[in-house]
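Q: Sequence:
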Amino acid sequence: MADTRSVLVVGLGRFGSAVATTLDAMGQDVLAVDRDATLVNRWSSQIPTVQADTTDVLALEQLNASDFDTAVVAIGDSVEASVITAGNLLDAGISDIWAKSVSKEHARILQRIGARHIINAETDAGKRVGHLVSGNYMDYIELEGAYNVVKIHTPGWAVGTTIADAHVNERYGITIIGVKAPAHEFAYGSNDLEMHRNDELIILGKQDQIDHFIRG
1 MADTRSVLVV GLGRFGSAVA TTLDAMGQDV LAVDRDATLV NRWSSQIPTV
51 QADTTDVLAL EQLNASDFDT AVVAIGDSVE ASVITAGNLL DAGISDIWAK
101 SVSKEHARIL QRIGARHIIN AETDAGKRVG HLVSGNYMDY IELEGAYNVV
151 KIHTPGWAVG TTIADAHVNE RYGITIIGVK APAHEFAYGS NDLEMHRNDE
201 LIILGKQDQI DHFIRG
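The letter at position 93 of the sequence shown is residue 93 when you use full-length UniProt numbering, and the numbering goes up by one with no holes.
Quick caveat, the hints were computed from the structure, so don't treat them as lab data. Be aware that a few hints might be false.
To be verified - Straight-line C-alpha distance at most 16 Å; calculated EDC-like pairs for lysine to aspartate or glutamate:
hint, residue 1, residue 2
1, 180, 208
2, 180, 192
3, 180, 200
4, 206, 165
What the hints assert, rightly or not - Across the chosen pairs, the derived CB separations fall in these ranges:
hint, residue 1, residue 2, range
5, 170, 61, 46 to 54 Å
6, 146, 46, 52 to 60 Å
7, 151, 113, 26 to 34 Å
8, 165, 45, 40 to 48 Å
Please read all numbers here as calculations on a predicted model, not as lab measurements. Glycine residues also receive a C-beta, built at the ideal position from the N, C-alpha and C atoms.
Build out the structure end to end from the sequences listed, making use of the hints.
A: This is the structure we're talking about:
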């Protein structure tokens, strides 16, 4: 697993709550914030929550926002509040900002003020974004049932080994669908394919199997 990071999630609508609960379930250090007391109370038994107006700089200071590695701005009902919050978080020193946009114009403003990741997402994408924000995966697709497809860089322990030598299926239960090496075409995951440090691996497996493979 990647190192645990601290993530401030602003907005506890369906999208924000999906991101926050996914990150919390993965063991990340999450604090979810909303100015709506009803939403805060609804989620307080599942994840760490606090009621605050993040358009207020003083409120963010009281939350020690500058201590967080990453922030997700999941405000969907007010473009103004979303933009002001993103700006306040950037001013607080959080450079890794993920912000949900509700229109092209909204996305353009967020980009201009310096939000690093713009999410043009519907609510059901929250779980995928949670996995991406956690830093474990370059991409993540949830399939029907228990299986996921993820894209990762070759784990350090597997660099220089072939798929067969790493016993990826026997030991971890995963399947390496393919490998994309820098400046090379995509190659299907044959047993004799050697994995290199900057290769991108496309993996199919259950969540715990994939995480086990990453740890080695």
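Q: Hint by hint, say whether it matches the structure.
A: So, going through the hints one by one against the coordinates:
no. : hint                  : in the structure
1   : 180 / 208             : 23 Å, violated
2   : 180 / 192             : 15 Å, holds
3   : 180 / 200             : 5 Å, holds
4   : 206 / 165             : 21 Å, violated
5   : 170 / 61: 46 to 54 Å  : 53 Å, holds
6   : 146 / 46: 52 to 60 Å  : 22 Å, violated
7   : 151 / 113: 26 to 34 Å : 29 Å, holds
8   : 165 / 45: 40 to 48 Å  : 47 Å, holds
In this structure, the earlier hints numbered 1, 4, 6 are contradicted, and the remaining ones agree with it.
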